[in-house]
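Peer 1: What follows is the residue order along each chain.
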Amino acid sequence: MTRRRLLGVVGALVLVLALAVLPLMLGNYPVTIAARILAFALLVVSVDLLTGLTGLPTLGQIAYFGVGAYTAGLVGIHLSTNLFVQVGLGTLAAIVVAAVTGALAVRTSGIVFLMVTLAIGELAHRVADGLPVLGASNGLAGIPAPTLLPGGGPLTLVAHTYWWTLGVFLVGFVVALVVTKSPLGRSMRAVRESPSRLAAVGQAPYWAKLSAYTVAGALAGAAGTAWTAQTRFVAPGDLAFSISAIALLCVVLGGAGTLWGPVLAAAVVIIVRDWVAGYVSGYRELLLGLLFVIAVYVLPRGFAGVAATWRRRGARRVAEREAAHVQT
Amino acid sequence: MSRLDETRKEGLGDSLGGSDPDGSSGAAAPLLTVEHLTLQYGQLRAVNDVSLTIARGARHALIGPNGAGKSSLFSVLAGSTRATSGAVAFDGHDITGESEVERARRGMVRTYQHANLFVAMTVLENVAVAVERAAGRPLRPWPSRTDRRIRAAAAEYVARVGLADRVNDRVDALSHGERRQLEVAMVLACEPSLILFDEPTAGMSAAETARFGDLVESLPDSVTTVIIEHDLDIVFRLAHRVSVLAAGVLIAEGTPEEVRADTAVHEAYLGVDRNDDPLFEVAS
Amino acid sequence: MAVFDGILLTSLNGLALAAVLFMVAVGLSLVFGTMDVLNLAHGSLALGGAYVGVVFLGTGGGLGQLVLAMIVATIVGLAAGLILSLLTRGIRDHLKQALLTLGLALIAADLMRLAFGGDVKSVAAPSPLDGTIEILGRPYPTYRLFVIAMSLVVGGLLYAVIERSLSGAIVRATVADRVMVEALGIRTKVVLAAVFSIGAALAVVGGLLAAPVLGAQPGLDNTILLLALVVVVIGGLGSIKGAALGAILVGQVQTLGVALLPEFASFLLFGAMAIVLLVRPGGLLPAAHAEVAR
Numbered sequence: 003m004t005r006r007r008l009l010g011v012v013g014a015l016v017l018v019l020a021l022a023v024l025p026l027m028l029g030n031y032p033v034t035i036a037a038r039i040l041a042f043a044l045l046v047v048s049v050d051l052l053t054g055l056t057g058l059p060t061l062g063q064i065a066y067f068g069v070g071a072y073t074a075g076l077v078g079i080h081l082s083t084n085l086f087v088q089v090g091l092g093t094l095a096a097i098v099v100a101a102v103t104g105a106l107a108v109r110t111s112g113i114v115f116l117m118v119t120l121a122i123g124e125l126a127h128r129v130a131d132g133l134p135v136l137g138a139s140n141g142l143a144g145i146p147a148p149t150l151l152p153g154g155g156p157l158t159l160v161a162h163t164y165w166w167t168l169g170v171f172l173v174g175f176v177v178a179l180v181v182t183k184s185p186l187g188r189s190m191r192a193v194r195e196s197p198s199r200l201a202a203v204g205q206a207p208y209w210a211k212l213s214a215y216t217v218a219g220a221l222a223g224a225a226g227t228a229w230t231a232q233t234r235f236v237a238p239g240d241l242a243f244s245i246s247a248i249a250l251l252c253v254v255l256g257g258a259g260t261l262w263g264p265v266l267a268a269a270v271v272i273i274v275r276d277w278v279a280g281y282v283s284g285y286r287e288l289l290l291g292l293l294f295v296i297a298v299y300v301l302p303r304g305f306a307g308v309a310a311t312w313r314r315r316g317a318r319r320v321a322e323r324e325a326a327h328v329q330t
Numbered sequence: 007m008s009r010l011d012e013t014r015k016e017g018l019g020d021s022l023g024g025s026d027p028d029g030s031s032g033a034a035a036p037l038l039t040v041e042h043l044t045l046q047y048g049q050l051r052a053v054n055d056v057s058l059t060i061a062r063g064a065r066h067a068l069i070g071p072n073g074a075g076k077s078s079l080f081s082v083l084a085g086s087t088r089a090t091s092g093a094v095a096f097d098g099h100d101i102t103g104e105s106e107v108e109r110a111r112r113g114m115v116r117t118y119q120h121a122n123l124f125v126a127m128t129v130l131e132n133v134a135v136a137v138e139r140a141a142g143r144p145l146r147p148w149p150s151r152t153d154r155r156i157r158a159a160a161a162e163y164v165a166r167v168g169l170a171d172r173v174n175d176r177v178d179a180l181s182h183g184e185r186r187q188l189e190v191a192m193v194l195a196c197e198p199s200l201i202l203f204d205e206p207t208a209g210m211s212a213a214e215t216a217r218f219g220d221l222v223e224s225l226p227d228s229v230t231t232v233i234i235e236h237d238l239d240i241v242f243r244l245a246h247r248v249s250v251l252a253a254g255v256l257i258a259e260g261t262p263e264e265v266r267a268d269t270a271v272h273e274a275y276l277g278v279d280r281n282d283d284p285l286f287e288v289a290s
Numbered sequence: 663m664a665v666f667d668g669i670l671l672t673s674l675n676g677l678a679l680a681a682v683l684f685m686v687a688v689g690l691s692l693v694f695g696t697m698d699v700l701n702l703a704h705g706s707l708a709l710g711g712a713y714v715g716v717v718f719l720g721t722g723g724g725l726g727q728l729v730l731a732m733i734v735a736t737i738v739g740l741a742a743g744l745i746l747s748l749l750t751r752g753i754r755d756h757l758k759q760a761l762l763t764l765g766l767a768l769i770a771a772d773l774m775r776l777a778f779g780g781d782v783k784s785v786a787a788p789s790p791l792d793g794t795i796e797i798l799g800r801p802y803p804t805y806r807l808f809v810i811a812m813s814l815v816v817g818g819l820l821y822a823v824i825e826r827s828l829s830g831a832i833v834r835a836t837v838a839d840r841v842m843v844e845a846l847g848i849r850t851k852v853v854l855a856a857v858f859s860i861g862a863a864l865a866v867v868g869g870l871l872a873a874p875v876l877g878a879q880p881g882l883d884n885t886i887l888l889l890a891l892v893v894v895v896i897g898g899l900g901s902i903k904g905a906a907l908g909a910i911l912v913g914q915v916q917t918l919g920v921a922l923l924p925e926f927a928s929f930l931l932f933g934a935m936a937i938v939l940l941v942r943p944g945g946l947l948p949a950a951h952a953e954v955a956r
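Residue numbers (the working numbering), protein chains in the order written: chain U, 3 to 330; chain P, 7 to 290; chain F, 663 to 956.
Take these hints with a grain of salt, some might be off.
Keeping only pairs whose Cα atoms sit at most 20 Å apart, straight-line, the calculated SDA-like set for lysine to any residue is [to be verified]:
1) U:K183 x P:R176
2) U:K183 x P:V173
3) U:K183 x P:V125
4) U:K183 x P:R157
5) U:K183 x P:W148
6) F:K758 x U:E287
Stretches of chain U that chain F covers, calculated by requiring three or more beta carbons in the stretch to come under 8 Å of a beta carbon on chain F [as the list claims (entries may be wrong)]:
7) 31-41
8) 106-112
9) 116-124
Because the hints were derived from the structure by calculation, they are not lab data. Where a beta carbon is used, it is the ideal one built from N, C-alpha and C, also for glycine.
Given the sequences, and given the hints that come with them, work out the whole structure.
Peer 2: Given below as structure tokens:
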């Protein structure tokens, strides 16, 4: 393994460790925020799979997040408080809805695809707002505390639901990573680079797009179940359009296609937004909008782009030094 | 004009849509048959009632002055444009209505005049996509042991076209000629029976063109090639048969020597024969 | 018979909604058709027009106020469109352009909320049009018929310009093959600025005309954007006829849906879009595009 690779793995392990011991070091409120960030970060990963890797810009993943969240809530109320059951059924529901809607959506691409997914996201928002079985505009309340083991006690401690969310996030992130290194991942990147070329070697881009869409929907759904597990309440406001927008921004901000960049951006954006909102309440959308505008102009390739530039500069300096050595 | 009649007489209709009645000419049955193909855009007939046969294992060139309809004909053969009328048959099957994907799966692949590659991916990955499609499971969402075999096979194709030293470089770091080589590697990785080359040496230096010629000559006899070209030197070097298109019409067909001597071809390229000396001498 | 009357009147409401959606969506569609720019601030433009209506017609007014409001709306729209075209021109990436307009939409939405408050503002129809006309024995708001008439006028004018004038031919050519138009020496930047400005003006005026029917409130921008996008996806990009057909379909589906099955209205809308995507992913009446060179 190259030194850089080793450094990356060690760094990731340290980060996971730090996230794991978070509840032992911080109070309840920050831990709750951290849990929400993790759920949102998994949603951002699902957006990156579609936008960064497959070249399909999307504003609709929130729909599948919502399917997962509401399903987990309904399961919790009517069927079982077991978290594994909730995440399983919620993710399954999201997969089904993603496959059905995706079969139609991926018949388009580029900005038309963006339009279609925006419609999907907003329509899901409206459905959540309108259906009585989901609590309509009041949201789905009365979700009992989740349990981990069959017959085990309810998880009421913030730390416990945080660890569950961390687990779901890590599993989801690893799934995304595995996909990027698989033949499907390569097909996805080929679709992003040149769908016509892919067709010309005999592979219809449609199926790679649909597969990517379904996997992304599954991850978003899982993220939704984790959300419900710790908030125990799902409202139509959780499917607001601005969330889809922020997720897409995080992908662009963090470096589309890198997976870790958008996750980092998600953490930064949420923390900054909540911190700033404490000081300038009532101007949230305005500041968010400004953030979008600034990001578009200032960071052409996002955090990951910055990291890549540093790496290139470092490599160039090493090369120059070596060349200087040869001279003497 | 007489050449066109001769071609028509070769009984194209038999080879369309079905079995070979003779049974004995299995090896000699043409691989690609074009029958009365017309491509019309409004009032303009880009391809006007063209009929062709491409024999198995042949290297067949399609030449003609600018605007002759070569690209349009190519586009119909490749499957990216639908003909207004007429039929195309490949290996005995009527493929007139088939998409590019379906044609590629039958073993009929094409290159692009303007390089069309997976730019942000490496040379190896570009070829691996083609290998995976032909021999692997392109939609498998997890890595497995076969990935190594796919990559090794891809590396072989890369080496075969002479790009072994660039195998891990990204496409945007390659020169124009190298990108063309990569395209050939991708096309070979599809295990084709017919390769359609769309002006493959456009923009290439003399050395690159010569190397391309070597590459085509090194292809096994089982691979048939159809080449659209402007560079008549490479055509005369490589082609077994040449078809000449002008203003959408097939005006001549035969061996390179026959075509070179054909007066109709001269007129198409150089204008109507005048009694004074021609401006250019056709290379002999 | 009563059912039939009810459906007829609901269909008229659908046409009124279609009228508004047409005016808003046609700009969105043409801007996308000429330059592949997705203007996510389009809904904000319409909401802006609605607030113009609040300012000029809020407490009731006459035709004079209406005309004044329309002039102001047009000027605001032209200016906003010009600014948008300049801002998006500097960004090459289509996704980033969409994000930029998204950011501007968020900023605009908050500014309007701060200026006008978060509650629903109703706008009265201007005075000679605030009555009712009898249709099949039932009273029907005159104003809605006026809106339908206005959209027909606007649509007719647009069609005449796009199909019959040289400028219109240039716009159609830009939609079909932008590169070729540049090669002819026509500055497509100017074409885009013009299309953007006029499209934005139409959106603002559309929002203004809709104000007596839809009111003005935060969140309306999202609703109108969503409907306009569905109109464009269904109708096809870059064409007036597509925007008209899409608007009629969406207007009917949305109005009938809300009237008959209020909880499932969103499903119906998505269903309509899904059917079109299944059968014709490019929309029902898209503008002709040159074949992609690759």
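Peer 1: Against which earlier hints does the structure fall short, listed by number upward?
Peer 2: 7
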